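First to last, the sequence lines map onto chains C and E.
In this text, residue positions in the first sequence follow this note's numbering: the first is 1, and each later residue adds one.
In this text, residue positions in the second sequence follow this note's numbering: the first is 775, and each later residue adds one.
Calculated directly from the structure, the hints in this document are not laboratory data.
Just to be clear, a hint being listed does not mean it is correct.
If you anchor each label on the Cβ, the simulated ranges turn out as follows [said to hold, decoys possible]:
1) VAL857/E to ARG626/C: 33 to 43 Å
2) THR844/E to ARG591/C: 53 to 63 Å
3) SER743/C to THR856/E: 47 to 57 Å
4) THR844/E to ASP397/C: 48 to 58 Å
5) ASP771/C to VAL857/E: 19 to 29 Å
6) ASP397/C to MET932/E: 46 to 56 Å
7) LEU861/E to PRO247/C: 27 to 37 Å
8) GLU900/E to LYS530/C: 16 to 26 Å
9) MET932/E to PRO312/C: 48 to 58 Å
10) PRO708/C to LEU861/E: 46 to 56 Å
11) GLU900/E to ARG626/C: 18 to 28 Å
12) ALA897/E to GLN286/C: 47 to 57 Å
13) LEU340/C to GLU908/E: 33 to 43 Å
14) PRO247/C to THR856/E: 41 to 51 Å
In silico SDA-like pairs for lysine to any residue, Cα to Cα no more than 25 Å straight-line [stated by the list, open to error]:
15) LYS926/E to HIS772/C
16) LYS595/C to LYS926/E
17) LYS239/C to ALA904/E
18) LYS785/E to ARG245/C
19) LYS530/C to MET331/C
20) LYS926/E to ASP618/C
21) LYS239/C to PRO863/E
22) LYS926/E to TYR231/C
Please read these numbers as outputs of a predicted model, since none were measured by experiment.
Glycine is no exception: its CB is placed at the ideal position from the N, C-alpha and C atoms.
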Amino acid sequence: MAEPSGSPSGPDGASGGLDRRHFLGYLVAAPTLAVVVQYGPAAARPQAAAAPSPPQPEEIFDLGDMQNLAAAPTSGLISVQVRPDGTAAFAVPRAEVGQGMTTAVAMMIAEELDLPLDKIHVTLADARPELLMNQLTGGSNSMRSIYLPVRTAAAIARQRLVATAARQWGVPAAELTTGNGTVKHTGGRTATYGALAEAAASSKTIKVEAQLKSPSEFTVLGTPQGRIDAYDSVTGRKKFGTDLRVPGAKPTMVRRPPTINGTVVAVRNADAVRKMPGVTDIAVIQHGVAVRAETFGQCVDAIRALDVEWSPGPVARESDRTVLAKLKKAMPPMALPPLLAKTIDEEFTFAFASNSPLEPDNAIADVRSDRAEIWSCLKVPIVAQEDIARRLGLPRDAVTVHVVEGGGSFGRHLFHDAAAEAAEISQKMGKPVKLSWSRTDNFRQGRTHPMCVSRVRVAYLGSNVLAYEQRHTSTETDFGHGLGEMISATAARLPVAGNQSIAQTIFALTQSSPYNFGVTTQLLNEVPLKFSTGSMRNIYSPNVVCAQELVVDRLAAAMDKDPVEFRRKYLKDERLRAVLDRAAEAGQWGRPLPKGVAQGVGVHAEYRGAVAALVEIDCRPETVNRPIEDGVTGPRVSKALIVVDAGLVINPRGLEAQMIGGMSDAIALALTSSLHIKDGLPLEGSWDDYFYTRQWNTPLDMRVIVMPNTGNTPSGAGELAVAPAFAAVACAYARATGTMPTSFPINHGTLGFEPFPVEPSTPQSPTDGLDHTF
Amino acid sequence: MPTHTFQLNGKQVTVETEDDVRLLWVLRDLLGVTGPKYGCGLGVCQACTSHINGRAFNPCSVPVSKIKPTDEITTIEGLPATVGRELHPMQEAWLDHDVAQCGFCQPGQIMTAVAKVWQAWEAGREITDADLDEIRNVCRCGTYSRIRDAIKDGAKRM
Chain C
1 MAEPSGSPSG
11 PDGASGGLDR
21 RHFLGYLVAA
31 PTLAVVVQYG
41 PAAARPQAAA
51 APSPPQPEEI
61 FDLGDMQNLA
71 AAPTSGLISV
81 QVRPDGTAAF
91 AVPRAEVGQG
101 MTTAVAMMIA
111 EELDLPLDKI
121 HVTLADARPE
131 LLMNQLTGGS
141 NSMRSIYLPV
151 RTAAAIARQR
161 LVATAARQWG
171 VPAAELTTGN
181 GTVKHTGGRT
191 ATYGALAEAA
201 ASSKTIKVEA
211 QLKSPSEFTV
221 LGTPQGRIDA
231 YDSVTGRKKF
241 GTDLRVPGAK
251 PTMVRRPPTI
261 NGTVVAVRNA
271 DAVRKMPGVT
281 DIAVIQHGVA
291 VRAETFGQCV
301 DAIRALDVEW
311 SPGPVARESD
321 RTVLAKLKKA
331 MPPMALPPLL
341 AKTIDEEFTF
351 AFASNSPLEP
361 DNAIADVRSD
371 RAEIWSCLKV
381 PIVAQEDIAR
391 RLGLPRDAVT
401 VHVVEGGGSF
411 GRHLFHDAAA
421 EAAEISQKMG
431 KPVKLSWSRT
441 DNFRQGRTHP
451 MCVSRVRVAY
461 LGSNVLAYEQ
471 RHTSTETDFG
481 HGLGEMISAT
491 AARLPVAGNQ
501 SIAQTIFALT
511 QSSPYNFGVT
521 TQLLNEVPLK
531 FSTGSMRNIY
541 SPNVVCAQEL
551 VVDRLAAAMD
561 KDPVEFRRKY
571 LKDERLRAVL
581 DRAAEAGQWG
591 RPLPKGVAQG
601 VGVHAEYRGA
611 VAALVEIDCR
621 PETVNRPIED
631 GVTGPRVSKA
641 LIVVDAGLVI
651 NPRGLEAQMI
661 GGMSDAIALA
671 LTSSLHIKDG
681 LPLEGSWDDY
691 FYTRQWNTPL
701 DMRVIVMPNT
711 GNTPSGAGEL
721 AVAPAFAAVA
731 CAYARATGTM
741 PTSFPINHGT
751 LGFEPFPVEP
761 STPQSPTDGL
771 DHTF
Chain E
775 MPTHTFQLNG
785 KQVTVETEDD
795 VRLLWVLRDL
805 LGVTGPKYGC
815 GLGVCQACTS
825 HINGRAFNPC
835 SVPVSKIKPT
845 DEITTIEGLP
855 ATVGRELHPM
865 QEAWLDHDVA
875 QCGFCQPGQI
885 MTAVAKVWQA
895 WEAGREITDA
905 DLDEIRNVCR
915 CGTYSRIRDA
925 IKDGAKRM
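Bound conformation, chain C alone:
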């Protein structure tokens, strides 16, 4: 449990070479005012952890700290520009997938530049290999890694505009103020930023120091703001991947194999299908047969008509049952409990889950003999660019990768499967293509959160908890999207043993028990099965924390303690205790409820943030059995409350949105949504099979409380709520029914739908839409 020796103190630390509010940047030679930033190595200083449980790695140095450390050397390569039209522009090297990152970045610039939000244009940067590890959107790290560099760049720009006006007017800069995109002199003279932008441009690169506002001076940061893209969203103007028009890029879809990652042996009727209406091209690719046509509808017709002989994929013999047996066999033994101690032993199973967004995976590719251009929603575009160039046999610089805003991600866009496939198809057809996976492809062949089993043993004597052990055994999660490179690059500086796998490193950097439970160990063990997997929002935490909190409730019951009172006593983190107290008070913990309705609570700290979730679940038969056509009803979370401490809040409205989304995910994970694997393929093929939370599952009373700031830096927030909310729903269900669930989601044992056939891979669209108008 080594401390990160020689860990550099960051700008948020009390010590270190840089004063808290002074940062360095550069004015760079450009036709208009442009600023780039550089600042000292960023890594959170080690935080003191309470005894008696010694700190686990995550508490002193977490995944986000590692990402900050890896990103720091290239932070100097991101720039803010002020244009002659009075607007500011920033191409952020991150992906926007609904989490509100672009709005938060615009707020940071607005704050330090004194420019209204609607004059700030935030776009997504193309893949920029020179950024190395600083172009990965994941681990809820965006706010944490760009909060200081973006503000620094904006502050330098503001200072330069002031200095330029002072020079032009022959007055001291101290007599000038800024506001609303204008520089003002005490004598009444004013100039807009737009009028000053070109004069403020630098002819050479100059090092400058910026003074940032302190949080007490903030007028934008910390205030509730609507999303900067909201107008485009509600008018249908927001452009997603398949909305883009690239010349010649016609609709393209793929007929896929009946097992995950199967391959083509032969296509028996390619010539006949090529003659179908609208079809222009057919090509055999790595995992299927691609068809390009005038419309996606004609692609569906054509891929359904193809007669293909398949070779099975690597997990063709696997089903839920076989995977679970392999996980159980691989589970490491638990340590022997201390003599005389009582123990609680529990084991929890979590089914495969899909990280598919609503927008099906898609990409546009225009591959020529000497170059390629790609458009796709990519959270790690540099890795995509490098991999696609290698597959196409082109130099990396010949491949331009544009990052498109995504209709959700939830982990899916960490990988570039659709972009690589579009490139392969475009190269083989010799034409530009607009590839979309079908909905069914997304569930059946898309990446999944793998099945896992979490075993917990807790040993106690009287009111002393002596040991807490958690052994998390999971089907392998694929991290081959750049975090691997990041870990290799920073390995020597990580406070975890050097010989661990990437997955184990990520597990160690994201998991820690928040309780004083004596000797605490949480270990990951992976079973290498070649499912197509990846991170799903909050990675391991939803499963690990759900198991932990259910056992905490059992332990409290064994000691005859109330669940909230018990947690208060054993929590070692003051911030967690504070959010729990607030939740218990605001959620009226312990209020009388009818039989079959109960409250549940869950707490979790991660990404340097802390959350308590308190829910009420209604498990009465009249609720569980209410009829919804083609939908799963079941127990309903009738009330939900999330209390969040996000360190320093950037946009409370956006933070609230992320908490609400986390609760919806949690309800789905606990109660309704999973993939059933049968003979190498998930049975789920649409949203009436994969039961993500719908309106009829939504709490009628959903409330978020944002705690006052507890720090000077923002925590991660996009994933923060999922784990504690999942735990709260599970604990509430256990209390309402009197039976602790051990398999999730609770309805996984019953297949609540008739699966689409496995072939052809995409079902035909209905024709009876006019019979269902309302």
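Keeping the supplied structure of chain C fixed, place chain E upon it in accordance with the hints.
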């Protein structure tokens, strides 16, 4: 190739394509009207929800040959013009509640919301939680509670 004529967002359009091509693809791929989204093509996710003669429907589930020349199709792009404003009151409510996260489902959600309010009014009542529970539109970002708040608010402004 057959031609198909219908009213789209207040204008008559004619398009040449096969009879069985679903209206969604006629709108998106041939006419470039991309507000209605493809989320499933199975009449399930409701991301393509638009209006036909003032009623909500899924263009992914209707062959273009079933659309008559007099049929008035309204997509999200044409919704404000139905009330002669820059934004429909439901869209304004959506902005005030900052409903959207990724935004992908939002055009369909708003078109459903407007039709759901009309449906309640036709039944002689205001929209209720039971009505909202019937909405099938998927929002994978899970912003359902803000959708509910915005619909109740938008209904008052309609």
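Each hint, compared with the structure:
For the pair VAL857/E and ARG626/C, the supplied restraint of 33 to 43 Å holds, since their beta-carbon distance comes to about 35 Å. A hinted range of 53 to 63 Å holds for the C-beta pair THR844/E and ARG591/C, which are about 58 Å apart. Between SER743/C and THR856/E, the C-beta spacing of about 49 Å keeps the proposed range 47 to 57 Å intact. In this structure, THR844/E and ASP397/C meet the distance hint of 48 to 58 Å, their C-beta atoms being roughly 56 Å apart.
Between ASP771/C and VAL857/E the CB atoms are about 28 Å apart, so this pair conforms to the stated range of 19 to 29 Å. In this structure the supplied range 46 to 56 Å holds for ASP397/C paired with MET932/E, their Cβ-Cβ distance being about 54 Å. Take LEU861/E and PRO247/C: their Cβ atoms lie about 32 Å apart, and the range 27 to 37 Å holds. Separated by about 54 Å at the C-beta atoms, GLU900/E and LYS530/C break the suggested range of 16 to 26 Å.
For MET932/E and PRO312/C, the hinted distance range of 48 to 58 Å is satisfied, since their beta carbons lie about 55 Å from each other. Checked against the hint of 46 to 56 Å, the pair PRO708/C and LEU861/E fails, with Cβ atoms roughly 35 Å apart. For GLU900/E and ARG626/C, the hinted distance range of 18 to 28 Å is satisfied, since their beta carbons lie about 22 Å from each other. Checked against the hint of 47 to 57 Å, the pair ALA897/E and GLN286/C passes, with Cβ atoms roughly 54 Å apart.
Separation of LEU340/C from GLU908/E is about 58 Å and departs from the stated range, judged on CB atoms against 33 to 43 Å. Under the hint 41 to 51 Å, the C-beta atoms of PRO247/C and THR856/E, about 33 Å apart, miss the expected range. A threshold of 25 Å between alpha carbons decides the hint, and for LYS926/E with HIS772/C the separation of about 23 Å falls inside it, so the pair holds. Of the pairs offered as hints, the one joining LYS595/C and LYS926/E is violated, with about 31 Å between alpha carbons and a cut-off of 25 Å exceeded.
Among the hinted pairs, LYS239/C with ALA904/E is inconsistent with the structure: their alpha-carbon atoms are about 33 Å apart, more than 25 Å. The suggested pairing of LYS785/E with ARG245/C holds, with an alpha-carbon distance near 22 Å, which does not exceed 25 Å. Between LYS530/C and MET331/C, the direct Cα distance comes to roughly 18 Å. Compliance with the 25 Å bound is thereby established for this hinted pair. Between LYS926/E and ASP618/C the alpha-carbon distance is near 24 Å, which keeps this suggested pair within the 25 Å criterion.
Simply put, LYS239/C and PRO863/E have alpha-carbon atoms about 23 Å apart, close enough for the 25 Å limit, and the pair holds. A distance of roughly 20 Å separates the Cα atoms of LYS926/E and TYR231/C; the hinted pair therefore holds under the 25 Å criterion.
Checked against the numbered hints above, the structure violates hints 8, 10, 13, 14, 16, 17; every other hint is satisfied.
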